[in-house]
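Asker: Letter by letter, the chains look like this.
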Amino acid sequence: MAAPKKAAASTAQDKTDGGSPPEFTREQELKALRDMLLIRRFEEKAGQLYGMGAIGGFCHLYIGQEAVVVGMQMALKPGDQVITGYRDHGHMLATGMEANGVMAELTGRRGGYSKGKGGSMHMFSKEKHFYGGHGIVGAQVSLGTGLAFANHYRDNDNVSVTYFGDGAANQGQVYESFNMAELWKLPVIYVIENNRYAMGTSVSRASAQQDFSKRGASFNIPGQQVDGMDVRAVKAAGDEAAAWCRAGKGPFILEMQTYRYRGHSMSDPAKYRTREEVEKVRHDQDPIEQVRNRLLAAKVSEQDLKAIDAEVRDIVNASADFAQHDPEPDAAELWTDIYR
Amino acid sequence: MPIQVLMPALSPTMEKGNLSKWLKKEGETIKSGDVIAEIETDKATMEVEATDEGTLGKILIPEGTADVAVNTPIATILADGESAADLAKAPAPQQKAAESAAPAAAKAEAPAPKAAPAAQAVAEPDPEVPAGTEMVTQTIREALRDAMAEEMRRDADVFVMGEEVAEYQGAYKVTQGLLQEFGAKRVIDTPITEHGFAGIGVGAAMSGLKPIVEFMTFNFAMQAIDQIINSAAKTLYMSGGQMGCSIVFRGPNGAASRVAAQHSQDYSSWYSNVPGLKVVAPFSAADYKGLLKAAIRDPNPVIFLENEMLYGHTGEVPKLDDFVIPIGKARIVRSGSHVTIISWSNGMSYALKAADELAKDGIEAEVIDLRTLRPMDTETIVNSVKKTGRAVTVEEGWAQSGVGAEIAARIMEHAFDYLDAPVTRVSGKDVPMPYAANLEKLALPSAAEVVEAAKAVCYR
Chain A
218 MAAPKKAAAS TAQDKTDGGS PPEFTREQEL KALRDMLLIR RFEEKAGQLY
268 GMGAIGGFCH LYIGQEAVVV GMQMALKPGD QVITGYRDHG HMLATGMEAN
318 GVMAELTGRR GGYSKGKGGS MHMFSKEKHF YGGHGIVGAQ VSLGTGLAFA
368 NHYRDNDNVS VTYFGDGAAN QGQVYESFNM AELWKLPVIY VIENNRYAMG
418 TSVSRASAQQ DFSKRGASFN IPGQQVDGMD VRAVKAAGDE AAAWCRAGKG
468 PFILEMQTYR YRGHSMSDPA KYRTREEVEK VRHDQDPIEQ VRNRLLAAKV
518 SEQDLKAIDA EVRDIVNASA DFAQHDPEPD AAELWTDIYR
Chain B
10 MPIQVLMPAL SPTMEKGNLS KWLKKEGETI KSGDVIAEIE TDKATMEVEA
60 TDEGTLGKIL IPEGTADVAV NTPIATILAD GESAADLAKA PAPQQKAAES
110 AAPAAAKAEA PAPKAAPAAQ AVAEPDPEVP AGTEMVTQTI REALRDAMAE
160 EMRRDADVFV MGEEVAEYQG AYKVTQGLLQ EFGAKRVIDT PITEHGFAGI
210 GVGAAMSGLK PIVEFMTFNF AMQAIDQIIN SAAKTLYMSG GQMGCSIVFR
260 GPNGAASRVA AQHSQDYSSW YSNVPGLKVV APFSAADYKG LLKAAIRDPN
310 PVIFLENEML YGHTGEVPKL DDFVIPIGKA RIVRSGSHVT IISWSNGMSY
360 ALKAADELAK DGIEAEVIDL RTLRPMDTET IVNSVKKTGR AVTVEEGWAQ
410 SGVGAEIAAR IMEHAFDYLD APVTRVSGKD VPMPYAANLE KLALPSAAEV
460 VEAAKAVCYR
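Chains A and B, in that order, give the protein sequences. With our numbering applied, the first sequence corresponds to residues 218 to 557, in that order. With our numbering applied, the second sequence corresponds to residues 10 to 469, in that order.
Certain hints may be false.
To be verified - Simulated crosslink set (DSS-like; lysine-lysine; CA at most 30 Å straight-line):
1. A:K262 / B:K243
2. A:K345 / B:K194
3. B:K243 / B:K194
Because the hints were derived from the structure by calculation, they are not lab data.
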């Protein structure tokens with residue numbers, strides 16, 4: 218049996234992985250910092266716009282989990298597909314989708330990626346190989362396996378990175394997909410973002426097997442637990458998983474041990490955990506602060522880091538401005554894009 | 010007394026088969042469980058095992074005989090001490106002589122419901138077929154297979170996946186020969202995992218491939234309906250037109266024969282309720298072929314509802330290099346002026362039979378085969394009703410929120426002033442499908458009910 222590589226601690230807080238991940242180059246550190254900051258500032262702005270009533274419906278913020286998508290994206294190559302569930306803004310920005318288009322979709326405007334018809338949970342970009350944005354918990358796992366099927370069918374060298382949460386990991390179709398992915402040796406990396414709560418239900422209250430890296434064990438799919446708060450660890454694990462897939466060895470599971478700082482959605486008062494718990498993760502493990510501290514220790518100037526902050530703030534402010542001034546979709550759009 | 014071996018029924022819908030081979034000779038000793046013969050149906054070749062012991066006395070049906078009806082005596086077995094001289098004493102056909110490895114066979118007292126030959130009584134020429142086109146006689150099963158094979162030859166992005174589609178040659182033999190021609194990369198056996206493989210199919214379609222996903226029956230597709238509706242049907246809209254899904258979900262839908270409630274549901278109204286899906290449910294062999302080819306080429310998700318009772322039926326299929334029937338067009342298969350009967354799929358067998366009966370009483374029914382349920386060809390329905398002033402819908406599914414209800418509403422919206430009588434629905438009864446043969450028959454619509462409804466709207 219291809220056993221999980223290591224059994225690390227079960228929570229993000231007391232993660233001990235027995236060795237530091239490979240160091241980043243300065244360029245990698247700066248890129249990771251910039252990309253993670255973009256997601257955080259974008260999400261903070263989205264939360265603000267939601268509070269103002271500019272964004273409706275459900276809005277699930279990614280704050281705290283930034284290292285996962287940014288680290289994974291650094292392990293990918295052009296043409297690799299990304300698909301995820303409803304907490305998807307970070308994934309879109311990480312694949313290079315424009316902040317303006319994402320924010321305008323959140324506000325339901327014609328310049329949004331889905332012309333305002335998809336909203337927060339349903340956005341796509343064929344150009345960036347981002348396949349959504351899916352609102353049904355777990356559905357993206359079969360779909361992402363299908364993307365891998367297409368790579369296999371076309372005999373190309375791409376992998377499908379299929380993200381889902383600790384909650385979706387209990388859905389039946391996940392295991393149907395695992396079975397076929399391993400049976401047919403499909404190039405798919407299943408990234409389980411374990412942020413410790415499926416809406417308000419903690420992992421310990423919902424999952425019989427809380428080590429998600431072992432969830433593929435009965436299908437012989439190897440898995441690994443990863444410190445999802447350390448972007449370097451994420452990239453290293455992503456590199457390993459991608460190499461496995463590209464070598465034709467089938468799927469690979471990465472359990473990213475991470476944490477979401479905000480509620481499940483904007484309307485979640487988060488009574489299921491203490492303020493102290495959140496503060497401790499923020500203080501001890503924040504993925505952005507980790508990179509910033511390493512850069513400062515490596516004598517990058519405060520000035521240079523502030524320049525990155527400023528650049529990111531400009532992008533986010535411009536997107537908020539665009540998303541509030543772009544017109545709503547034309548009424549005729551109600552009847553388009555049903556068939557082609 | 011010698012025991013008669015009868016032609017066994019090897020599936021719920023089998024009515025006859027070919028006796029392809031005898032594996033025992035006259036005079037040979039037979040033990041219970043011995044394979045004595047091979048029988049070929051249009052679906053499969055099956056072995057016949059002896060359930061009685063003795064000596065094979067006489068072979069009554071020689072090997073190579075085609076179309077042997079179920080329950081025909083095919084041989085006699087002599088018990089210990091009996092000789093050929095006892096053969097004359099063989100009893101009238103009895104039930105227990107031979108059994109097959111197949112599940113519960115339909116017996117003589119419960120013959121499989123027999124549908125009318127597929128669209129043989131077509132009065133109106135098919136406008137899609139050029140005059141003078143040579144026709145070939147094919148089963149619907151063969152027409153479906155040819156449609157898939159032709160499209161797979163034409164486009165390397167088309168592939169078939171589903172349970173038993175490859176090595177088994179199809180649970181209903183619809184995919185027969187495809188594995189041999191196209192290989193395991195394009196004809197893919199899946200595990201029994203409808204939700205998962207439907208999702209994999211949709212994901213593959215989102216990246217540009219054109220899957221044909223076979224469900225062994227649409228009853229099992231309820232496991233997968235989230236992927237069909239939430240992922241396949243809605244993504245084009247939710248992506249602002251960026252990401253569509255060219256995929257066909259196909260398989261038998263509705264009642265077969267004696268398979269009871271969980272295997273007999275008609276999903277016509279379920280899928281035709283959903284924008285983003287196209288829903289096709291043909292009746293004739295030619296339509297099965299031409300519409301499946303259109304469905305495979307369509308850039309949208311298409312639900313292709315087949316009917317197991319019709320698979321073995323034959324019809325005339327145009328011999329054309331590329332025979333494609335556009336989705337969304339109904340066809341008037343019989344013209345008349347007194348009443349319009351609207352149906353699709355196997356409902357057409359009741360409709361056409363009823364039209365024959367009505368003609369004997371001087372009522373000329375116009376029979377419309379909808380062929381496509383979404384988009385529905387309202388124009389053809391409305392034009393006919395404007396002519397006849399009366400309409401009867403026929404469906405095997407339930408009446409409540411059914412397709413017949415939808416047709417009735419459209420007629421009211423577009424031809425209310427032309428109606429001389431209320432639109433009347435003939436449908437499956439509002440009960441789960443029962444198993445008992447008599448109850449099953451009662452639960453389904455009948456030609457007699459269609460005749461009765463047509464007469465009622467004609468005030469006759």
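Asker: With reference to the structure, classify each hint as holding or not holding.
Answerer: Hints, verified against the model:
Straight-line distance between C-alpha atoms of A:K262 and B:K243 comes to about 29 Å, which keeps the hinted pair within the 30 Å bound. For a cut-off of 30 Å, the pair hint linking A:K345 to B:K194 stands: about 28 Å separates their Cα positions. Between B:K243 and B:K194 the CA atoms are separated by roughly 28 Å; this keeps the pair inside 30 Å, and the hint holds.
Against the hints set out earlier in the document, no violation occurs for any number.
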